[in-house]
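8 protein chains.
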Amino acid sequence: MQTETRKLLEDVKNGTVSVDDALLKLKAAPFEDLGFAKIDFHRPIRQGASEVIYGAGKTYEQILGIVRRMRAENEKSIMITRLSEETAVRLRSEDGFTYNPDARFGFFGSIPEPDGIGRIVVATGGTSDIPVAEEAALTAQCLSNDVLRLYDVGVSGLHRLLSHLDDIMSASVIIAIAGMEGALASVISGLADCPVIAVPTSVGYGASFGGLTALLSMLNSCAGGVSVVNIDNGFGAGYLASMINHMEAKS
Amino acid sequence: MQTETRKLLEDVKNGTVSVDDALLKLKAAPFEDLGFAKIDFHRPIRQGASEVIYGAGKTYEQILGIVRRMRAENEKSIMITRLSEETAVRLRSEDGFTYNPDARFGFFGSIPEPDGIGRIVVATGGTSDIPVAEEAALTAQCLSNDVLRLYDVGVSGLHRLLSHLDDIMSASVIIAIAGMEGALASVISGLADCPVIAVPTSVGYGASFGGLTALLSMLNSCAGGVSVVNIDNGFGAGYLASMINHMEAKS
Amino acid sequence: MQTETRKLLEDVKNGTVSVDDALLKLKAAPFEDLGFAKIDFHRPIRQGASEVIYGAGKTYEQILGIVRRMRAENEKSIMITRLSEETAVRLRSEDGFTYNPDARFGFFGSIPEPDGIGRIVVATGGTSDIPVAEEAALTAQCLSNDVLRLYDVGVSGLHRLLSHLDDIMSASVIIAIAGMEGALASVISGLADCPVIAVPTSVGYGASFGGLTALLSMLNSCAGGVSVVNIDNGFGAGYLASMINHMEAKS
Amino acid sequence: MQTETRKLLEDVKNGTVSVDDALLKLKAAPFEDLGFAKIDFHRPIRQGASEVIYGAGKTYEQILGIVRRMRAENEKSIMITRLSEETAVRLRSEDGFTYNPDARFGFFGSIPEPDGIGRIVVATGGTSDIPVAEEAALTAQCLSNDVLRLYDVGVSGLHRLLSHLDDIMSASVIIAIAGMEGALASVISGLADCPVIAVPTSVGYGASFGGLTALLSMLNSCAGGVSVVNIDNGFGAGYLASMINHMEAKS
Amino acid sequence: MQTETRKLLEDVKNGTVSVDDALLKLKAAPFEDLGFAKIDFHRPIRQGASEVIYGAGKTYEQILGIVRRMRAENEKSIMITRLSEETAVRLRSEDGFTYNPDARFGFFGSIPEPDGIGRIVVATGGTSDIPVAEEAALTAQCLSNDVLRLYDVGVSGLHRLLSHLDDIMSASVIIAIAGMEGALASVISGLADCPVIAVPTSVGYGASFGGLTALLSMLNSCAGGVSVVNIDNGFGAGYLASMINHMEAKS
Amino acid sequence: MQTETRKLLEDVKNGTVSVDDALLKLKAAPFEDLGFAKIDFHRPIRQGASEVIYGAGKTYEQILGIVRRMRAENEKSIMITRLSEETAVRLRSEDGFTYNPDARFGFFGSIPEPDGIGRIVVATGGTSDIPVAEEAALTAQCLSNDVLRLYDVGVSGLHRLLSHLDDIMSASVIIAIAGMEGALASVISGLADCPVIAVPTSVGYGASFGGLTALLSMLNSCAGGVSVVNIDNGFGAGYLASMINHMEAKS
Amino acid sequence: MQTETRKLLEDVKNGTVSVDDALLKLKAAPFEDLGFAKIDFHRPIRQGASEVIYGAGKTYEQILGIVRRMRAENEKSIMITRLSEETAVRLRSEDGFTYNPDARFGFFGSIPEPDGIGRIVVATGGTSDIPVAEEAALTAQCLSNDVLRLYDVGVSGLHRLLSHLDDIMSASVIIAIAGMEGALASVISGLADCPVIAVPTSVGYGASFGGLTALLSMLNSCAGGVSVVNIDNGFGAGYLASMINHMEAKS
Amino acid sequence: MQTETRKLLEDVKNGTVSVDDALLKLKAAPFEDLGFAKIDFHRPIRQGASEVIYGAGKTYEQILGIVRRMRAENEKSIMITRLSEETAVRLRSEDGFTYNPDARFGFFGSIPEPDGIGRIVVATGGTSDIPVAEEAALTAQCLSNDVLRLYDVGVSGLHRLLSHLDDIMSASVIIAIAGMEGALASVISGLADCPVIAVPTSVGYGASFGGLTALLSMLNSCAGGVSVVNIDNGFGAGYLASMINHMEAKS
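Residue numbers (the working numbering), protein chains in the order written: chain A, 10 to 260; chain B, 10 to 260; chain C, 10 to 260; chain D, 10 to 260; chain E, 10 to 260; chain F, 10 to 260; chain G, 10 to 260; chain H, 10 to 260.
The reader is advised that the hints may include incorrect statements.
Per label pair, the in silico range of CB-to-CB distance [what the hints assert, rightly or not]: (1) Thr136/C x Ser102/E: 19 to 27 Å; (2) Ala65/H x Asp175/A: 49 to 57 Å; (3) Glu94/A x Ala81/C: 33 to 41 Å.
Subject to a maximum C-alpha distance of 20 Å in a straight line, what follows is the list of computed PhoX-like cross-link-like pairs (lysine-lysine) [unchecked claim]: (4) Lys22/A x Lys16/H; (5) Lys22/C x Lys16/G; (6) Lys16/C x Lys22/G; (7) Lys22/G x Lys22/C; (8) Lys16/G x Lys16/C; (9) Lys16/D x Lys22/F.
Hints were generated in silico from the structure; no laboratory data involved. Where a beta carbon is used, it is the ideal one built from N, C-alpha and C, also for glycine.
Looking at chain A on its own, in the form it has when it is part of the complex (with noise of 0.2 Å):
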């Protein structure tokens, strides 16, 4: 690495390169070669060689584009999140893609083995949730996690939860849906004695607030160990989900 910073100070010894023209190609490119470049490349290769594509806005042709490039690049899956199904539609004749409706999740590529540390929980309060769940358990399975599912295991029927416990308390990371009261995580997270990331989902009506009373209910949990993401944003907790999964030493 850094070997064109390196050919450049070898030149400047060698006398090929002045130390003036140096001087200006060091400031005129000061981020490609010392250590920025980097940040783009070598994700891939530790969260399981898949790379994501946010579909939202997105036209078929311009999708089409930039998957293209990237398995030209080598990319082997590729994530494509909030994926209307009318593009999933003409999609499909791509080689090796899959599509979830109910997530608008797309896929190209086959899910990879789980190598994390344990088990991630996907659960959700109600039925409603399962879309917003289904982006993030299909997120954390394209990196390479195992995922267990809990869906319709809110607080109102406490019982539900509890006959899960075992699965709660062995959990590496639990990602804990809720719309409405988003009484859930706290709940989970009183049981559980791992990382839980929490989702407020905008299902709902009235006083919910298209998602902002589970937000500031989450926020406030008062169990420890706790964390909120964006309403509705499955796939950012799937994808923290599998980076705490993934910890490991850097040497």
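Got chain A sorted already, so can you dock chains B, C, D, E, F, G and H onto it with the hints?
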């Protein structure tokens, strides 16, 4: 009842009052005798012979004046809410006065015997919610209710709440009091089979926004049987709980 | 009750089950047998044998499936709230189905005889609040309550409300439903001597903010005995009113 | 009127002022003489010869200075709103000064005779709203209006309000002042047949949000003839009520 | 007036009605005869013989029914606000019907002669505010007021407003209608010497928040004589302006 | 200039106009001639000879009418913002018309030569912000500015932004356009040494609240030199940037 | 573990406890022994043997009592958050007590050796955020983490942040703490390759709204791997960071 | 400039530094020498040789330390904003220190000669806005600008503002400062032909919500050329105004 109007009509019949004078009298005071005035006076009888004074912003002299007038009118017991400790100290010399400084709740008389349908459970999420809870509990007790206090049973330590499952399932009415994320109301109403009155408290910091988060969360409770009163309104919850716990047929 | 756990202990006593196996069994399923599972099943018995399905977002097939399973389990009557007209039309061929399009409320079975303590009054501020009111009224009727509808008695024409003073003063529970400024709940609870359940509606424009103004207004009601449910939550109000109207001692 | 401009034009006609000088003079001071300056000076004449000083944040010396300058300009009476008690004490030695500490309202001069169209009714929901009400009532009185105070006639005890029905129905303008849920304005405007100026107050706690709830509630009043001023703005309401009560044709 | 109650009392006096029957009758219908019922019926007489129907959410059949009943009761003119174009088209065949599609305002009858104290000025900040302004202006005209329209005189081009200074200074009442930042109300009330009714509109984008910004801005107007109605409430402003413009002494 | 007033004064001097008539004329139209009217007409001259029409809510006929009148008055170039594609299609036949559908920006005339102090940089956080950015960029170009577009340089990939450091540090004015968390404005103003105009966009979901989060974030920028315009207000930013980029001494 | 239940079952087997008594005992205390009670007691073992007391609102006597009981139960180290200086002074005489007044953080015991996966970086935008940062950093240290503090590296002086690029890129977990516009979290997560816990602070004025702006901004971070805790919740961030930094497989 | 990097490259060329060592050195400190570090140091030169200290929350000792270090580095003049009077009193003994208590603004050095393009006008709506205005005005003066103060020219007395029309029309930049409804910014930008920086202030009560109303109002200004800074941010406005008033081409 309505004896004054009856008397007036009889006077008209007897000729001791002219039609014009009767007309004037009926128009001038139609609300005292025709049903409205009962609103103020029949309540004490049905609610356990207690009257209430809202103490906030009233001086010692004002409160004392109201108390003495009420006692002259034979009110057996009088509650004073939001009563400052300074004023309470000066009221101590009055006959039969007791004061709870946490709840800022004063009382003239003796706690009446419970005569409600069942037991009112007052539960709080944390220890900081206790002042509001005591206001609710004392109000209910002064209105002739059997009250059980379950404090600090918040959802971040669910086993504490669950160890009181029998109390919750056998309650007549439950007052669920919590700040922060307010999840207690949802969890309790998922376990209980009776009306749950949720009281958000201003306990918390940051995104608790002085109780707004707990308030919104409680309004969104997806469990049935929950309704909500104003932030920190312990009196209102205790009063309503007593009303429900004394339900009976009106002939 | 608790026969399974009793059986298990007897097996331990008899030596037919080892202590280790018993320990495992207790841990694996503590909630089915120790009191929790009853939560779901004893409710229908006490609330008038009606079960409820939240219809919003469910397909015709899903609803039909749930209905058939419930009927197989001998549920005598089933309410479906927020049921779209399209789905209702397709359910018409089912036995014993009726539908109220205003309230988007479907019902399987026949309205049971009232058996509550007294009468539930459902009052609205305007004619636009009627859909929410009908949801509340039909819910209460399906749960065996005598219901009186007082529609369009808002405070801008106070005499309309006052001409029903007797109904208000003799009610067992009142559901006060209003949008705009939501003053109806305060006025009614000032006149009545029973619990008042306030339902803000999203009726209005401009600074009504989709029901928020009515919600806040109702929470601030200075009259005693008022509590509030979520915006447009007619079902929740009807369910709670029925609960209160069926209060009785638990042995 | 406009004598200066007339004089200037006559000077131009007479040749004593050149066209260029006149042009300059017209441009430099177009607002003093061409109608604008009257804005400040004809108001006292029509509004009852009272001028107003906003006392908040002004020192004793500043206020005294303004008062003395006004008196030198022959202002017969001067109102000072939001005047602190400390400053008021120091103003006592001034001639003709009176002070109402509740309303934090000072006045130089004597209350003028009422000369409006009819009577202004100032009504409050509770006793805590009285300071704002007194500011409104004193303002109206200082501007030559007959004022009737109806305090503590809130909607939670409707009979108190209804017993003043004659006063309400015969009022010329009504100022309805309330905190908490602010329902008073709606109820009064449903009973009255005159303009109702609603003043939300910051009285309340919890979800009253410093007067915001009353404000929103009043803006949503479904009764005709209601308009709203800022929270706690007693002066503005009194001033506007006087304006309306002195309506007359402008030739 | 009160002839029914007088008759009843005379019957009691004459012995044709017993005291008990009279008592019952007085209780059953206290509001029809003792002053309340007049509320609905004396308004048309004083306000220019126009009645109003709120058209939003009403079907053609409902509106037609109300109109026909009113006409049978001799209402000379009827306003219909928020009337959809579809319904208006179907009403065209009715006698004496006119419709303004911008304001969504329908009218039965002919515009009456102005008989108010002076002239009502309706001013808007921009052209997009005109529909709300027309609702206000037509309402005021139907209630017998002389109306002057000053449209698109917003503060970003102050000279347009100032060129109408005479109109503003001679107005009896001004309705100031603006969206965006709502500054028009403050500027006009700084120039005028009469009541200013401010109407925020939902015109704008981004941080105008559907009229909330204009609403808050208008409530904070530091000029005297301004009061505010709900967002887009042109009818309310026109109705109140007419009320003020018809102020007269009540005997 | 001011020739009309000069003429009037000369007529007074000459006796052809009486003092009274002159007085009336001065009062009736003081703003056309005494400085105000210039506001509308000297702007085009200084801002690059472009006039603007706000296209939202205007019909094809209205826009065409305004355009033709302006062209008759010799406006060399005309911008139309928020112009729908439907209307743009119909304007195509007009001479010299171009249209950018992304920015919904129409233009009559040819882009003038840049004549500002330096270069305006238009930067966006993401690709979804480009429509707003194009409105800003095209506005600035039509007002004779050299514009550099730096799109999709959001802070989540900081190296992309930093690789344009020279452009940022040499800019005359920077328009920073971002939705979501709006951090771009802070980061850019920390790097740049020139005025930064921040434009929040409504891009985002959940807790972006239609641009409110970006707006608040930008207002709190702790870096100096940042100011903010309304959400999505690309035109306002481009106009202000041009104003700043054409700063020069006024004699 | 579960020795009590095992003992009970053995007693049943042995006949020393009857089935009925065992049943009662299991029902009365199902949560202490069947898995729940472990929640409280196994945490210290895994999290570095530290327990925490929330000091806000607790008296010296209360805190001392809790501390002594914990120490009696062999807790090696105890954290006290939000501990007032007054109380801290009185705790000084206790054995092994240290106090950080900035963070209002007390500690009994000695900071344990770091044993996490890697290093936790605690970064702040400004110097005013340091108290919250110290609470986070001390919490993490007391839970056996290696902590690096990077204070005052806000985005308005980006070079300060970038000069620590190596620290950021090699961190195991980063806690990003900022008030005002909260952009720090986005910028850091764009540079880092690890979980970022964002802590909004109440630092700021005006439109920072007590931390709300930073909170919303952080929730909208478009960079992956960011999650958010409550405003000023340094302890929560430190606790969660430690949890993530001690991730390991559960058998 | 960049002498250190040049030196390093020359050392590489000369062989006194190895390529590896140079590479390490470049990576370790890329921001000090490659352009970033200049950010801090070239600003004083262009902005009039003044540096600024944000005084809020800093102790006397901290401020004194910073001042002395700056002076040692030859800063000719230093501004201190939000400086408490207590600290200012103790700084008096320092050489060349002046203090404005209204603006809480301290200054070391002497006000430099104006050298900007034109004059900056600082206008306020009321007298209560003056502290913010003085912070803006003094900041601009310390940065070498000619400043004209127009205080108390709010829109409720429009003639006061209009009598300064020449000042407004000839300004180079205008800072419009107002609380309450914030209309000043719109009115001024409608009159002026230069950039207007709007500063909302927290002056007001009730629905001014601590400056939020003025802030929103200013953001919605429909006049071109307006941008907004944070509530009460006088320094930010003065700094930006100076930046604009010193615009010049960068070679």
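Evaluated hints:
1. As the Cβ distance of Thr136/C to Ser102/E is approximately 26 Å, the hint placing it in 19 to 27 Å holds.
2. Distance hint check for Ala65/H and Asp175/A: the Cβ-Cβ separation is about 53 Å, which falls inside the suggested range of 49 to 57 Å.
3. A hinted range of 33 to 41 Å holds for the C-beta pair Glu94/A and Ala81/C, which are about 35 Å apart.
4. For a cut-off of 20 Å, the pair hint linking Lys22/A to Lys16/H stands: about 13 Å separates their Cα positions.
5. Straight-line distance between C-alpha atoms of Lys22/C and Lys16/G comes to about 13 Å, which keeps the hinted pair within the 20 Å bound.
6. Proximity of Lys16/C to Lys22/G is assessed by CA-CA distance (about 13 Å); at most 20 Å being required, the pair is judged to hold.
7. With a C-alpha separation of about 4 Å, the suggested pair Lys22/G and Lys22/C falls inside the 20 Å cut-off, and the hint holds.
8. Only pairs whose Cα atoms come within 20 Å are accepted, and Lys16/G paired with Lys16/C is accepted, the gap being roughly 18 Å.
9. A threshold of 20 Å between alpha carbons decides the hint, and for Lys16/D with Lys22/F the separation of about 13 Å falls inside it, so the pair holds.
Every hint from the earlier list agrees with this structure, and none is contradicted.
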